[in-house]
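According to the numbering used here, the sequence shown is numbered sequentially starting from 12.
Read the hints as simulated data drawn from the structure, not as lab findings.
Check before you lean on any hint, since a few could be wrong.
Said to hold, decoys possible - Label pairs and their in silico Cβ distance ranges: (1) 138 - 115: 25 to 33 Å; (2) 29 - 109: 51 to 59 Å; (3) 46 - 114: 41 to 49 Å; (4) 85 - 111: 29 to 37 Å; (5) 152 - 39: 36 to 44 Å; (6) 49 - 129: 46 to 54 Å; (7) 120 - 92: 21 to 29 Å; (8) 85 - 28: 50 to 58 Å; (9) 15 - 35: 44 to 52 Å; (10) 52 - 131: 55 to 63 Å; (11) 51 - 107: 26 to 34 Å; (12) 152 - 49: 47 to 55 Å; (13) 46 - 131: 54 to 62 Å; (14) 49 - 157: 40 to 48 Å.
Ideal placement from N, C-alpha and C gives every residue a C-beta, glycine not left out.
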Amino acid sequence: MVSLSNTGEPLYLSNRSGNSTSSKNASHYLDKAANLCRAGGFKKIRFRGDTDFSQTKYLDGWDDEGITFVFGINAMGNLVKIAENLPETAYTELIRRLKYAVKTEPRRKPVNVKKQIVKERGYKNIRLQSEQTAEFEYQPVKCRNFFIMLPCQIVKTSRRLVYRLLGWNEYYDIFFRAVETFRGPLRC
Numbered sequence: 012m013v014s015l016s017n018t019g020e021p022l023y024l025s026n027r028s029g030n031s032t033s034s035k036n037a038s039h040y041l042d043k044a045a046n047l048c049r050a051g052g053f054k055k056i057r058f059r060g061d062t063d064f065s066q067t068k069y070l071d072g073w074d075d076e077g078i079t080f081v082f083g084i085n086a087m088g089n090l091v092k093i094a095e096n097l098p099e100t101a102y103t104e105l106i107r108r109l110k111y112a113v114k115t116e117p118r119r120k121p122v123n124v125k126k127q128i129v130k131e132r133g134y135k136n137i138r139l140q141s142e143q144t145a146e147f148e149y150q151p152v153k154c155r156n157f158f159i160m161l162p163c164q165i166v167k168t169s170r171r172l173v174y175r176l177l178g179w180n181e182y183y184d185i186f187f188r189a190v191e192t193f194r195g196p197l198r199c
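Given only the sequences and the hints, what does the whole structure look like? Please build it.
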């Protein structure tokens, strides 16, 4: 399904069999959606999707048409190596928006029962220490242009880097986002 981000209104829907990938013919439907949006008067178009939709052979064409995009990219060995070799100065703090503004007085936090249970059962309690991001240019093999790549979240826990994408864990091999344009600091 291709939909408008702000309203969730579907632009195109394709019913496929259960054994078909979600990215099958995705570029065709994204192109149709872009044409429909232009005909509807939209001036700016941004495609967003997970790793299945980062069909690199189409990125240059979309870039030439002025379409911006944010797609996931699989964490291939060469990208992991580049990310791990970034200098310390490449990192900036990840700025998160407040979920809501407290209109009265902040309440006292309740006792953390989860922390107690984790400790009782002998598991490791992993706590977030900081969130920082970095970005670098990368040219996918099927592209003639360079695009900005960034590990979505690089969580620094003492001396160890942990790469996360939303609910990322060590069993997922996805943590990069291809970002065509970036203005201002990264915000979540």
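Against the structure, the hints:
In this structure the supplied range 25 to 33 Å holds for residue 138 paired with residue 115, their Cβ-Cβ distance being about 28 Å. At roughly 41 Å, the beta carbons of residue 29 and residue 109 sit outside the given window of 51 to 59 Å. Residue 46 and residue 114 have their C-beta atoms about 45 Å apart, which keeps the hinted 41 to 49 Å range intact. Between residue 85 and residue 111 the beta carbons are some 35 Å apart, a value that agrees with the proposed interval 29 to 37 Å.
Distance hint check: the CB atoms of residue 152 and residue 39 are about 22 Å apart, inconsistent with the given range 36 to 44 Å. Checked against the hint of 46 to 54 Å, the C-beta distance between residue 49 and residue 129 comes to roughly 52 Å, which is consistent with it. A beta carbon spacing of about 41 Å between residue 120 and residue 92 contradicts the range 21 to 29 Å that was offered as a hint. Against the hinted window of 50 to 58 Å, the Cβ-Cβ separation of residue 85 and residue 28 comes to about 24 Å, which falls outside the hint.
Taken as a hint, the range 44 to 52 Å is violated for the pair residue 15 and residue 35, whose Cβ atoms sit roughly 22 Å apart. Between residue 52 and residue 131, the C-beta spacing of about 60 Å keeps the proposed range 55 to 63 Å intact. A beta carbon spacing of about 33 Å between residue 51 and residue 107 agrees with the range 26 to 34 Å that was offered as a hint. Hint check: residue 152 to residue 49, Cβ distance near 29 Å, so the stated range 47 to 55 Å is violated.
One distance hint, 54 to 62 Å for the beta-carbon pair residue 46 and residue 131, holds here, with the actual separation near 59 Å. The hinted range of 40 to 48 Å is not satisfied by residue 49 and residue 157, whose Cβ atoms lie roughly 26 Å apart.
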